[in-house]
Amino acid sequence: AQSVAQPEDQVNVAEGNPLTVKCTYSVSGNPYLFWYVQYPNRGLQFLLKYITGDNLVKGSYGFEAEFNKSQTSFHLKKPSALVSDSALYFCAVRVFNNAGNMLTFGGGTRLMVKP
Amino acid sequence: DGGITQSPKYLFRKEGQNVTLSCEQNLNHDAMYWYRQDPGQGLRLIYYSQIVNDFQKGDIAEGYSVSREKKESFPLTVTSAQKNPTAFYLCASQIDGRSENYEQYFGPGTRLTVT
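For the record, the sequence lines run as chains C and R.
When the letters of the first sequence are read in order and numbered with the numbering used here, they come out as residues 1 to 115.
When the letters of the second sequence are read in order and numbered with the numbering used here, they come out as residues 1001 to 1115.
Errors might be hidden in some of the hints.
Below 35 Å or equal to it, Euclidean Cα-Cα: the simulated DSBU-like pairs (lysine-lysine) are [what the hints assert, rightly or not]: (1) Lys22(C) / Lys1083(R); (2) Lys58(C) / Lys1071(R); (3) Lys1083(R) / Lys1014(R); (4) Lys49(C) / Lys1014(R); (5) Lys1057(R) / Lys1009(R); (6) Lys1083(R) / Lys1070(R); (7) Lys77(C) / Lys49(C); (8) Lys114(C) / Lys1083(R); (9) Lys1057(R) / Lys1083(R); (10) Lys1009(R) / Lys77(C); (11) Lys69(C) / Lys1070(R); (12) Lys49(C) / Lys114(C); (13) Lys22(C) / Lys58(C); (14) Lys58(C) / Lys1057(R); (15) Lys77(C) / Lys22(C); (16) Lys1009(R) / Lys58(C); (17) Lys1070(R) / Lys1009(R); (18) Lys49(C) / Lys1070(R); (19) Lys1083(R) / Lys1071(R); (20) Lys1009(R) / Lys1083(R); (21) Lys1070(R) / Lys22(C); (22) Lys77(C) / Lys1083(R); (23) Lys114(C) / Lys58(C); (24) Lys1057(R) / Lys22(C); (25) Lys1014(R) / Lys1057(R); (26) Lys49(C) / Lys1071(R); (27) Lys77(C) / Lys58(C); (28) Lys1014(R) / Lys1071(R); (29) Lys22(C) / Lys69(C).
If you're looking for bench data, these hints aren't it; they were derived computationally from the structure.
My request is simple: use the sequences and hints to build the entire structure.
Here it is as structure tokens:
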């Protein structure tokens, strides 16, 4: 089965420090990976995606993610965290079937950035 | 959230009543999706539609119904058969439901409370 896992329910980091939110995937074939952010009572906002090419993907709001094929990971990173980065983060993988394709989401990781 | 509207933002219903959640997009996207989000959980796919007049069940379709009569609209009906309808419902769209390259765009969500 194709899936993603986010092993941490919550990540705490001090403002100004680097942050990492972890994601591992399990797919057959080439992985198509996505990161989204959700603020309270809002929809999801797209941050970045890996389709092919460079393993380091740059996205919105200073976020980047590193695709690692050998470790089947796609961790989200930011060099210097802001309090405003505090939100719920979702990793997703593209899943294919006869009717087309869809996204399967991880359980989410809550990021708390303390001043 | 731009381009996809969901109404209303908050919805209250009595148990046993059917309720329809609205989702409209002006992005000219072919594919549309409905997800359910429960506290502390990720997103689960209810129904999706790759093209007008066609839709498929997702992982948790029981107790829900949809229609896709127009490209821009994908309403979701929560029927009385849905055992635990209280949740946050998110609608999304994607430019092309068959290509692997594109991300989904999300609406702001509707929080449904059934008592």
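Taking the hints in turn, this is what the structure says about them:
With a CA separation close to 33 Å, the supplied pair Lys22(C) and Lys1083(R) stays within the 35 Å bound. Proximity of Lys58(C) to Lys1071(R) is assessed by CA-CA distance (about 32 Å); at most 35 Å being required, the pair is judged to hold. Of the supplied pair hints, the one linking Lys1083(R) and Lys1014(R) holds, its CA atoms being roughly 13 Å apart against a limit of 35 Å. Restraint check for Lys49(C) and Lys1014(R): the C-alpha separation of about 41 Å exceeds 35 Å, so the hint is violated.
Note on Lys1057(R) and Lys1009(R): the hinted pairing holds, with a Cα-Cα distance of about 24 Å set against a maximum of 35 Å. Between Lys1083(R) and Lys1070(R) the CA atoms are separated by roughly 29 Å; this keeps the pair inside 35 Å, and the hint holds. Among the hinted pairs, Lys77(C) with Lys49(C) is consistent with the structure: their alpha-carbon atoms are about 13 Å apart, no more than 35 Å. Straight-line distance between C-alpha atoms of Lys114(C) and Lys1083(R) comes to about 39 Å, which puts the hinted pair past the 35 Å bound.
Only pairs whose Cα atoms come within 35 Å are accepted, and Lys1057(R) paired with Lys1083(R) is accepted, the gap being roughly 17 Å. Only pairs whose Cα atoms come within 35 Å are accepted, and Lys1009(R) paired with Lys77(C) is accepted, the gap being roughly 32 Å. With a C-alpha separation of about 41 Å, the suggested pairing of Lys69(C) with Lys1070(R) is violated against the 35 Å cut-off. Our distance criterion of 35 Å between C-alpha atoms is met by Lys49(C) and Lys114(C), whose separation comes to about 27 Å.
Restraint check: the Cα-Cα separation between Lys22(C) and Lys58(C) comes to about 16 Å, which is no more than 35 Å; the hinted pair holds. For the hint linking Lys58(C) to Lys1057(R), the alpha-carbon distance of about 34 Å falls within 35 Å, and the restraint holds. The hinted pair formed by Lys77(C) and Lys22(C) meets the criterion: a straight-line CA distance of about 9 Å does not exceed 35 Å. Pair hint Lys1009(R) plus Lys58(C) holds up; C-alpha atoms about 32 Å apart against a cutoff of 35 Å.
Proposed proximity of Lys1070(R) and Lys1009(R) is supported: the alpha carbons are some 22 Å apart, at most 35 Å. Between the alpha carbons of Lys49(C) and Lys1070(R) the distance comes to roughly 29 Å, so the proposed pair stays at or under 35 Å and holds. The straight-line distance between the Cα atoms of Lys1083(R) and Lys1071(R) is roughly 30 Å, inside the 35 Å bound, and the hint therefore holds. This hinted pair checks out: Lys1009(R) and Lys1083(R) have alpha carbons roughly 22 Å apart, not beyond 35 Å.
Between Lys1070(R) and Lys22(C) the alpha-carbon distance is near 39 Å, which puts this suggested pair outside the 35 Å criterion. At most 35 Å may separate the alpha-carbon atoms for a hinted pair to count; Lys77(C) and Lys1083(R) exceed this at roughly 39 Å. Restraint check for Lys114(C) and Lys58(C): the C-alpha separation of about 24 Å stays at or below 35 Å, so the hint holds. Distance hint between Lys1057(R) and Lys22(C) is fulfilled; the C-alpha atoms sit about 30 Å from each other, no more than 35 Å.
For the hint pairing Lys1014(R) with Lys1057(R), the CA-to-CA distance comes to about 26 Å; that is within 35 Å, so the pair holds. Using a Cα cut-off of 35 Å, the hinted pair Lys49(C) and Lys1071(R) holds, with the two alpha carbons roughly 26 Å apart. Only pairs whose Cα atoms come within 35 Å are accepted, and Lys77(C) paired with Lys58(C) is accepted, the gap being roughly 10 Å. Using a Cα cut-off of 35 Å, the hinted pair Lys1014(R) and Lys1071(R) holds, with the two alpha carbons roughly 31 Å apart.
A threshold of 35 Å between alpha carbons decides the hint, and for Lys22(C) with Lys69(C) the separation of about 14 Å falls inside it, so the pair holds.
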